Amino acid sequence: MKRKWGLVRIGILSFFGALLLSIALATPSQAHWADLAVANVEVGNTTTHITLTFPTGLVATADDNRNGTLSPAEVRAHQTELTTFLGDRVYLTDGNGDRGTLTISPSDTTVLPPDQQVTAGTHSTLKLSYNWLKPVQGLTLHYDLFLPGVPTARCLTTINTPGQTQSVIFSPESKEAALMQNAPWYFAGGIPLAIAGCFVWGAMHAMSPGHGKTIVGAYLVGAHATPQHAVFLGLTTTITHTAGVFALGLGTLFFSQYVLPERLYPWLSFISGLIVVDIGLRQLISRLRQNRVAAKAARSHQHDDHSHSHAHEPSEHIHDAAHIHAQAAPHTHTHAEQAHDHSDHSHDRTGHSQPHEHPQLHTHDHGDGHIHSHVTPGSDGTPVTWRSLLALGVSGGMVPCPSALVMLLSAIALGRVGFGLLMVLVFSLGLAGTLTALGLMLVSARHLFERMPTNVRLARLVPAVSALVITLLGVGISTQAVMQIGLFKPFGTFG
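This note's numbering applies: residue 1 is where the sequence shown begins, and numbers increase by one.
Just so you know, nobody snuck in bad clues.
Estimated spans, in silico, between C-beta atoms of each pair:
{"hint": "1", "residue 1": "Arg89", "residue 2": "Asn65", "range": "20 to 30 angstroms"}
{"hint": "2", "residue 1": "Ala77", "residue 2": "Leu422", "range": "48 to 58 angstroms"}
{"hint": "3", "residue 1": "Pro192", "residue 2": "Ala77", "range": "46 to 56 angstroms"}
{"hint": "4", "residue 1": "Pro72", "residue 2": "Gly163", "range": "29 to 39 angstroms"}
{"hint": "5", "residue 1": "Ala60", "residue 2": "Pro151", "range": "18 to 28 angstroms"}
By construction, these hints were calculated from the structure, which means they are not laboratory data.
Small disclaimer: the values here were computed from a predicted structure and weren't measured.
By construction, the Cβ of each residue, glycine as well, lies at the ideal position given by its N, Cα and C atoms.
Hey, can you work out the whole structure from these sequences and the hints?
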């Protein structure tokens, strides 16, 4: 049994070690701005122009001289292939679902942000023109031009229509956007629908990878949290996330010429990762220390296996078990029957003849090879504290979702600051609602498992393993952020 459990522990550690290494050794393309494409859209009645700056590697076959940038001559030489390739991935449809006729031409203008005008060797810029025979309404832009296998790829898009500006971020998960044309951005009865949509969007967005779901789950289960703790954690995440989006969004408006939001995200992730590591290490050290104390006390204060009987009226019963006592809080047995003797101490009618202690992790052997444990919050010596919950909630919500930021900036660009703030708040509520529901489910499931017979050593190790998971995830978050910042390169890269 010990050998089997040892193999299980090795397997658990190997899994999380591999997970950490996969994060630490991720290729730089997954975190580098070269994954970025930028588009500027000018919408007209019958013609819409898109100036697109994108990674040249996506059309490497057209780069004849292999310098990483398409020249005007190369664009003209491969115009047919480029039109077919881009036409299938970047296209506009009108209200009837009809596509505009695409024409591609070279462009000397890049639309990358000012501090990223280093496109030589990485990016190319083309002008895509879409034409219709008559004025169109209800245009929708479809964008699916991403580096394969890179979930972090993004296209920052600015859409200009007469008197209106729209900001959109396309991603592998979000590939379509409706263009606003000659109509107010809101409509009668549309505000409640927009608010409801933001809530649902936030709730669904929380189910995508990230958002600290694994960290929150490991903490709530390992720390023996209550439903109140799960709700508090969700509210903390909501408030922090909303405040972070507000601060970053307003800061972007005032300081966009000095620093881009994309430059701030890695630093926020790094700080968040450090907070998670601190929480995990504190929990891990405390739980390992408590496990050692409990194991030592159990060895030094264990009674001999014995069988004893109580005389009862009108019947009697037999106890046949290894009655284990270990040092912790004072605890006494009271018997209403006749006194009886243990091998090294006695019980009387009112209690033990001399007091001794039991741990809060109190176990009973049912004689069937299983030990039933009653684990209470904080039984591992690390009770759930509001301070630790607050720190975890802040770390989970301090990195704003790009989707929420774009939503706020789009509303500000349209002069609807108040409504933009409201949408971000509702989005955050949907996000936190999913995380809170997940936390409540985990807490409820933990109570069900605690009622089941389990191995006492396994019960003691679960909190420590959960703390280890939190620590490793925090290290992974920080390591990935450091690579995005560019402080060091992962193993296996040169130059």
